[in-house]
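Peer 1: When we follow this note's numbering, the leftmost residue of the sequence shown carries the number 1, and every step to the right adds one.
Please keep in mind that the hints were generated in silico from the structure rather than gathered at the bench. Hints may be right or wrong, so weigh each one.
[Claimed, not checked] Okay, derived cross-link-like pairs now, EDC-like style, lysine to aspartate or glutamate, Cα gap no bigger than 16 Å in a straight line: (1) Lys36 with Glu46; (2) Lys185 with Glu245; (3) Lys301 with Asp232; (4) Lys2 with Asp26; (5) Lys2 with Asp22; (6) Lys2 with Glu46; (7) Lys191 with Glu179; (8) Lys324 with Asp176; (9) Lys2 with Asp219; (10) Lys85 with Glu148; (11) Lys191 with Glu245; (12) Lys301 with Glu129; (13) Lys299 with Asp128; (14) Lys301 with Asp128; (15) Lys185 with Glu321; (16) Lys36 with Glu49; (17) Lys2 with Asp25; (18) Lys2 with Asp66; (19) Lys250 with Glu238; (20) Lys299 with Glu225; (21) Lys301 with Glu225; (22) Lys299 with Asp232; (23) Lys324 with Glu245; (24) Lys262 with Asp289; (25) Lys301 with Asp219; (26) Lys299 with Glu129.
[To be verified] Here are the simulated distance ranges between beta carbons: (27) Ala265 with Glu303: 37 to 45 Å; (28) Glu49 with Lys250: 42 to 50 Å; (29) Ala265 with Asp56: 37 to 45 Å; (30) Lys250 with Glu96: 46 to 54 Å; (31) Arg32 with Gln151: 24 to 32 Å.
Heads up, the beta-carbon is just placed ideally off N, CA and C, and yes, glycines get one too.
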Amino acid sequence: MKVFLTGATGFIGGHVARQLRDRGDDVRALVRSPQKAAELEGLGVELIEGSLASPDEIAAGMAGCDAVIHGAAIYEVGIPATRRKDMHDANVIGTERVLRATLDAGIPRCVYISTVAAFGNTDGRVVDETYEHPGVEFTSYYEQTKYEAHQVARRLIEEGLPCVIVQPGGVYGPGDHSELGNLTKQTLAGKLPLIPFPDFGIVLVHVEDVATGVLAALDRGQVGEQYVLAGDVTTNRELIQAIAEIGGRKPPSRALPTAAIKSIAPLGPLVGPLMGYPPNMRELISSADGVTFWASSEKAKRELGYEPRDLRATITDTLRELGKA
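Build out the structure end to end from the sequences listed, making use of the hints.
Peer 2: Set out below in structure tokens:
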């Protein structure tokens with residue numbers, strides 16, 4: 001199979017590319033800078049220089065391919081307003097451009113990598129693929145753009161796009177540069193005396209398990225369906241305690257009062273980076289304070305044979321790969 005892949009230089013996309021190559025598939029990846037994609041080239045991935053704003057390169061990259069996996073997106077919570085256009089252009093317009101090109105090219109198979117954040121705040125409930133985001137209030141601009149992109153994919157499926165949607169949870173593993181990765185580093189370094197947003201709810205999943213799930217969706221997913229690719233339901237408190245315990249650190253016992261974070265939010269651009277937080281701390285608070293992004297992977301297990309690691313195995317394997325366990 002020859003697969004056109006976007007987002008191959010990203011966290012999930014890099015693992016998808018490697019797993020595709022490991023099983024013998026040809027991979028053609030859209031990359032903005034071939035010079036920064038040496039690892040992909042070393043895997044035997046064919047590089048197509050371009051971006052989500054390059055319709056000609058997208059079309060050329062797809063030519064002759066049997067499938068498309070679209071995973072390129074900007075994933076960041078807490079961005080300043082000045083960066084919203086870039087995020088919208090990548091996450092929404094970019095998704096429309098890639099999936100529309102897939103439909104126009106008549107490519108018979110497509111996987112779109114969405115996120116459980118497209119469900120929005122689940123308010124303490126563990127939802128499944130039948131759940132619908134109200135589409136009114138959003139905890140972050142990232143959530144909003146991924147919700148809108150999700151709707152783009154569904155609309156194009158109705159127009160005939162042979163697409164399967166997957167929704168990873170909180171993706172974890174070596175090389176993670178997200179807030180989740182920063183939290184792990186702070187915990188292991190003993191620089192997290194208090195637990196921020198202890199009741200924030202996520203479904204943690206190892207990046208390798210997500211990549212395996214993406215390939216399963218490509219091979220066995222039913223066109224028009226969506227599949228949650230996640231792991232155990234957990235909270236920030238449980239996660240930090242597990243990381244500390246497995247990493248041989250004493251876990252923090254008390255929570256960082258959210259009121260304290262709110263009090264310094266106006267100084268976010270100055271103090272946020274010093275504390276390991278993004279500059280827009282108000283958005284960070286709205287996306288984590290009393291928020292859960294909980295969803296079940298039972299459908300993917302049943303229909304795709306998806307078998308994610310449990311929480312402790314995910315953390316143990318990650319820390320071992322980092323040389324911390």
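Peer 1: Please list, smallest to largest, the hint numbers that this structure does not respect.
Peer 2: The structure conflicts with no hint, since it agrees with every one listed earlier.
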